[in-house]
Amino acid sequence: MLTNSLLSNSFFNRTNVVQIARELLGHILVCQNSAGIRSSGIIVETEAYNGITDKASHAYGGRHTNRTSTLYQSAGTSYVYLCYGIHHLFNIVTNAVGIPHAVLIRALQPVEGIDLMLERRNLAMPSANLARGPGSAAKAMGINLKQNGLSLSKQNNIWIERPLNTVDSKNICAGPRIGVNYAAEDALLPYRFWIKGNACVSKK
DNA sequence: CATAGGATCGCCT
DNA sequence: GGCGATCCTATGT
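The opening residue of the first sequence carries number 188 in the working numbering; numbering runs sequentially from there.
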């Protein structure tokens, strides 16, 4: 079987988080459970959170708390937090240590471990919404607060692989982020990216 | 210590 | 399209 190459942390250690969010489309998120079984999915939707100047970011204004401390860690660190008391949202930290940039993974197109995903989601049949939406994507992959602060790597059983075929730029769409109306003018920034026409993207 | 609210989802109408 | 679920986090006293 053809193996994809691992995405190294240097991919994430760059200054332009918006560009990274865009480039992540088409990459494969892989999680391995304790039995060594892989769950994976193609990243079809992302959002960029641009650190201390971004009103939608948890780190806006340099906010530094227990929760947000993960955002200030090194590029390629997993930032997981609980939203609405129910949903675990999975992000990847980017840029240098001390700069709290992150990319939110909003939706996946399931590839491997679909039976496991169905079990985790409590669903009987596969459908486009198996990992559609950030809460559902994390749940399908078995991601929870235990993964917060981990460096993406095979050692930690969670990593990103390069795609065999990259996404053509004409198939990438951009628009405002979801659920960040409180961020005033920053809510309008086109920091959300998705693969055009993909059924596993969360919204039109 | 107490409390309000959140980068959502799925069920109900 | 409206709304309840459900609990961590941040903030204020």
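Any given hint could turn out to be false.
For each label pair, taking beta carbons as the anchor points, the in silico distance ranges come out as [claimed, not checked]:
#, residue 1, residue 2, range
1, Ala283, Ala374, 20 to 30 Å
2, Leu269, Ser338, 13 to 23 Å
3, Arg308, Gly285, 34 to 44 Å
4, Asn309, Leu269, 39 to 49 Å
Once the Cα atoms are required to be at most 25 Å apart in a straight line, the calculated DSS-like pairs of lysine-lysine come out as [to be verified]:
#, residue 1, residue 2
5, Lys357, Lys383
6, Lys357, Lys390
7, Lys390, Lys242
In short, the hints are calculated from the structure, not lab data.
Think of the CB as a built atom: it goes at the ideal place given N, C-alpha and C, for glycine as much as any other residue.
Cross-check of the supplied hints:
{"no.": "1", "hint": "Ala283 with Ala374: 20 to 30 Å", "result": "holds (26 Å)"}
{"no.": "2", "hint": "Leu269 with Ser338: 13 to 23 Å", "result": "holds (21 Å)"}
{"no.": "3", "hint": "Arg308 with Gly285: 34 to 44 Å", "result": "holds (36 Å)"}
{"no.": "4", "hint": "Asn309 with Leu269: 39 to 49 Å", "result": "violated (18 Å)"}
{"no.": "5", "hint": "Lys357 with Lys383", "result": "holds (8 Å)"}
{"no.": "6", "hint": "Lys357 with Lys390", "result": "holds (19 Å)"}
{"no.": "7", "hint": "Lys390 with Lys242", "result": "holds (22 Å)"}
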